[in-house]
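Fit chain B with the ligands to the known structure of chain A by using the hints.
The primary structure of each chain is shown beneath.
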Amino acid sequence: MSDVLVLVDHLDGDVGKPTLEMLTLAGRLGSPVAVVIGGDSAATAIVEKLGQYGATAVLTVDADQLGSSLVAPVVSLLASVVASRAPIAVLISSTTEGKEIAGRLAVRLDAGVLTDAVDVALDGSAVVVEQSVFGGSTIVHARATRGVPIITVRPNSVTPAAAPATPEVAQVPVPPVEGRQATVVETTVDEGGGRPGLSEASVVVAGGRGVGAAENFALIEQLADSLSAAVGASRAATDAGWYPHAAQVGQTGVTVAPQLYIACGISGAIQHRAGMQTSKTIVAINKDAEAPIFELADFGVVGDLHTVVPQLIAEIAKRKGS
Amino acid sequence: MKIVVTVKLVPDTTADKRIDPATKRLVRTGETVLNPFDEYAIEAALQLKEKLGAETTVTVVTMAPERGKEVVRKALAMGADDALMLSDPGCEGSDVMGTAYALAGAIAKNGFDLVVCGTQSTDAITGELPGALAEFLGVPGLTYGRKFEIDGTTLRAERETDSGFLKVTTGLPAVVSVTKSINEPRYPSFKGIMAAKTKPTTTLSLADLGIEASAVGLGAAATVVVDSAERPARGEHAVVKDEGDGGKRIADFLVSRKLL
Ligand SMILES: Cc1cc2nc3c(=O)[nH]c(=O)nc-3n(C[C@H](O)[C@H](O)[C@H](O)COP(=O)(O)OP(=O)(O)OC[C@H]3O[C@@H](n4cnc5c(N)ncnc54)[C@H](O)[C@@H]3O)c2cc1C
Ligand SMILES: Nc1ncnc2c1ncn2[C@@H]1O[C@H](COP(=O)(O)O)[C@@H](O)[C@H]1O
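Residue numbers (the numbering used here), protein chains in the order written: chain A, 95 to 416; chain B, 170 to 429.
In isolation and in its complexed conformation, chain A is listed as follows:
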């Protein structure tokens, strides 16, 4: 079987769920080969987990050797692994950085790049991806016409499936990075209180104008934390300065497709829907029964979020406790 490269997302020895999803998809195409940037020690801690989800090989790279240049070293690394292993596809998580890596890699390899795949399949020897486009209104099947397909996979698209394998582990050499590059001089980890990233969270709790004030977003955060969720916001809320711009969900913000999206005090304007309507399950709380968000919601409550949300938080605590 041919190799399928998967670029692993990991933090502190923990493999991100999007990576497990990509391993599952890779297994449908061939033998998943995981590329781990982060030195030997980090890799040892996660090799086992990668094997549980089907990685037949784990290629490790010493992060220190990659240096402090932005993005470009990862692109050079993947290009060299593609050259040495000739995979039939490269899977990268559809995060902002993942998409950039994919686009640059495609230029280096003169290969087709397919963004935001929600599924992959083999059609004969061709890799075909399913993509969700135009804010989720259209489903497209597409393939690359030349080169190895570089595919970014949207988090939460499949359920990771255990497929135990015992991966061979090999360290791969770091290729030299050519030319001038932008350099990282300092890394600051967020304000965000340890919440998952918005684009890959399995649960997103979002607040809109109905939240009423910046300080009331504490309630949205509390609900989010009770579900280990990321916090999103409508543009009305971010424009009002109640929450950071980076949290804006929608056509001119972030696109999310979590297992669960809870919209609190959001009317559901078309630009907002474009960024969240492919969420698997949508719950809405809004005091206006006519709000368009209810057309999308699997479950909606017409009521005041200031009373419904605290009750929901209490109920979640109660049920988790029992």
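Treat the hints loosely; a few may be bogus.
[Unchecked claim] Listed below are the simulated DSBU-like cross-link pairs for lysine-lysine, each with C-alpha atoms no more than 35 Å apart in a straight line:
{"#": "1", "chain 1": "A", "residue 1": "Lys-381", "chain 2": "B", "residue 2": "Lys-316"}
{"#": "2", "chain 1": "B", "residue 1": "Lys-427", "chain 2": "A", "residue 2": "Lys-111"}
{"#": "3", "chain 1": "A", "residue 1": "Lys-143", "chain 2": "B", "residue 2": "Lys-336"}
{"#": "4", "chain 1": "A", "residue 1": "Lys-414", "chain 2": "B", "residue 2": "Lys-427"}
{"#": "5", "chain 1": "B", "residue 1": "Lys-368", "chain 2": "A", "residue 2": "Lys-111"}
{"#": "6", "chain 1": "A", "residue 1": "Lys-412", "chain 2": "B", "residue 2": "Lys-427"}
{"#": "7", "chain 1": "A", "residue 1": "Lys-412", "chain 2": "B", "residue 2": "Lys-410"}
{"#": "8", "chain 1": "B", "residue 1": "Lys-417", "chain 2": "A", "residue 2": "Lys-381"}
{"#": "9", "chain 1": "A", "residue 1": "Lys-374", "chain 2": "B", "residue 2": "Lys-410"}
{"#": "10", "chain 1": "B", "residue 1": "Lys-417", "chain 2": "A", "residue 2": "Lys-414"}
{"#": "11", "chain 1": "A", "residue 1": "Lys-374", "chain 2": "B", "residue 2": "Lys-193"}
{"#": "12", "chain 1": "A", "residue 1": "Lys-412", "chain 2": "B", "residue 2": "Lys-316"}
{"#": "13", "chain 1": "A", "residue 1": "Lys-111", "chain 2": "B", "residue 2": "Lys-336"}
{"#": "14", "chain 1": "B", "residue 1": "Lys-316", "chain 2": "A", "residue 2": "Lys-111"}
{"#": "15", "chain 1": "B", "residue 1": "Lys-410", "chain 2": "A", "residue 2": "Lys-414"}
{"#": "16", "chain 1": "B", "residue 1": "Lys-427", "chain 2": "A", "residue 2": "Lys-381"}
{"#": "17", "chain 1": "A", "residue 1": "Lys-381", "chain 2": "A", "residue 2": "Lys-143"}
{"#": "18", "chain 1": "A", "residue 1": "Lys-374", "chain 2": "B", "residue 2": "Lys-278"}
{"#": "19", "chain 1": "A", "residue 1": "Lys-111", "chain 2": "B", "residue 2": "Lys-417"}
[Claimed, not checked] Sample of chain A residues with no beta-carbon within 12 Å of chain B, all distances over it, derived:
{"#": "20", "residue": "Ser-96"}
{"#": "21", "residue": "Ala-256"}
{"#": "22", "residue": "Val-268"}
[To be verified] Cβ-Cβ distance ranges computed for the label pairs, FRET-style:
{"#": "23", "chain 1": "A", "residue 1": "Arg-303", "chain 2": "B", "residue 2": "Arg-426", "range": "43 to 53 Å"}
{"#": "24", "chain 1": "A", "residue 1": "Val-279", "chain 2": "B", "residue 2": "Thr-192", "range": "39 to 49 Å"}
{"#": "25", "chain 1": "B", "residue 1": "Lys-336", "chain 2": "A", "residue 2": "Asp-319", "range": "51 to 61 Å"}
Simulated from the structure, these hints should not be mistaken for laboratory data. Virtual Cβ for every residue (Gly too), placed ideally from N, Cα, C.
Just chain B with the ligands, lined up with the frame of chain A:
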């Protein structure tokens, strides 16, 4: 200093976007507006110009058919000095690679110290172009940037990440893309709108750039759409009125869906 801003014509954000079943391409007739993300890029360039002084110029560049003049005019009205429009039937159907290749040709011909892009376009939402452009131009790429400071030929910025931000520096020339947190784009003033009418816009063809027709357009695209369909409507749904038990009912629902 020569600053170039890439701007794109996109469908209105309220437009229904769809794929033509025959050509398998986005129906682009409804395209009317300047990509909202690019307004931040223009504003960032104008603010740099204000700081750096009069020798700094801001040129906008777009690859678009004739009606792309609309977005060019808006950029000029905001304060850009001049515009390059790559308009050629051969560009039609380009994917991100073809677009980046052609834009790189136009930008290289114009000359640049700094290229400023939006993070993404509202139709494609790939955000892949800025990085691809850096690759083709062979210069550093610094994407998702905010808080720009230029000191001689060094640019310092913060790069937003999913979990915080990085402080990054790059030498110039370079390609950067900017996030929404960088600024509040200005509205064109009446004076700006009037001035835009006399600002130079140069229209370029692929031949002007020495680009072979086989390098861009539909024929050169490295990806192809096999088929497309509208997403089926969402399944059944329930909306209930809060009778003092709204939160509890949501919890019940989450349990029924095994989400709790
Ligand atoms: C070019 C362009 C791009 C845009 N891009 C985006 C985008 O990316 N993302 C985005 O979100 N928007 C975007 N918008 C804005 C969008 O059109 C809407 O204006 C915005 O989404 C509205 O946010 P909202 O739902 O929070 O506010 P509103 O539409 O004002 O809705 C607030 C809702 O809260 C409800 N409410 C009020 N108080 C309570 C309460 N106590 N309890 C419960 N419910 C309550 C109200 O009934 C109402 O339905 C864009 C607009 C334009 C023109
Ligand atoms: N046809 C185009 N002409 C000019 N700039 C473009 C074009 N397509 C994309 N861009 C620029 O690239 C950015 C990212 O777009 P995209 O990668 O298509 O999501 C946009 O914000 C624009 O600045």
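Checked hints:
1. A/Lys-381 / B/Lys-316: 39 Å, violated
2. B/Lys-427 / A/Lys-111: Since the Cα atoms of B/Lys-427 and A/Lys-111 sit roughly 18 Å apart, the hinted pair holds (cutoff 35 Å).
3. A/Lys-143 / B/Lys-336: 32 Å, holds
4. A/Lys-414 / B/Lys-427: Answer holds: A/Lys-414 to B/Lys-427 is near 12 Å, not above 35 Å.
5. B/Lys-368 / A/Lys-111: Distance ~52 Å between B/Lys-368 and A/Lys-111 Cα, so the pair is violated.
6. A/Lys-412 / B/Lys-427: 16 Å, holds
7. A/Lys-412 / B/Lys-410: Holds, at roughly 23 Å.
8. B/Lys-417 / A/Lys-381: 16 Å, holds
9. A/Lys-374 / B/Lys-410: Status holds; Cα separation ~23 Å.
10. B/Lys-417 / A/Lys-414: 13 Å, holds
11. A/Lys-374 / B/Lys-193: OK: A/Lys-374 and B/Lys-193 at ~27 Å, within 35 Å.
12. A/Lys-412 / B/Lys-316: 44 Å, violated
13. A/Lys-111 / B/Lys-336: 27 Å, holds
14. B/Lys-316 / A/Lys-111: 32 Å, holds
15. B/Lys-410 / A/Lys-414: Holds - the C-alpha atoms of A/Lys-414 and B/Lys-410 are around 25 Å apart, at most 35 Å.
16. B/Lys-427 / A/Lys-381: 26 Å, holds
17. A/Lys-381 / A/Lys-143: Violated. A/Lys-381 to A/Lys-143 sits at ~45 Å, over the 35 Å cutoff.
18. A/Lys-374 / B/Lys-278: 47 Å, violated
19. A/Lys-111 / B/Lys-417: 29 Å, holds
20. Ser-96: The assertion about A/Ser-96 holds, with a minimum of 19 Å to chain B.
21. Ala-256: At about 18 Å from chain B, A/Ala-256 clears the 12 Å cut-off, so the statement holds.
22. Val-268: Its Cβ never comes within 12 Å of chain B, the nearest being 19 Å, so this holds.
23. A/Arg-303 / B/Arg-426: 43 to 53 Å: About 27 Å separates the Cβ atoms of A/Arg-303 and B/Arg-426, which means 43 to 53 Å is violated.
24. A/Val-279 / B/Thr-192: 39 to 49 Å: 47 Å, holds
25. B/Lys-336 / A/Asp-319: 51 to 61 Å: 28 Å, violated
Of the numbered hints stated above, those contradicted by the structure are hints 1, 5, 12, 17, 18, 23, 25, listed in ascending order.
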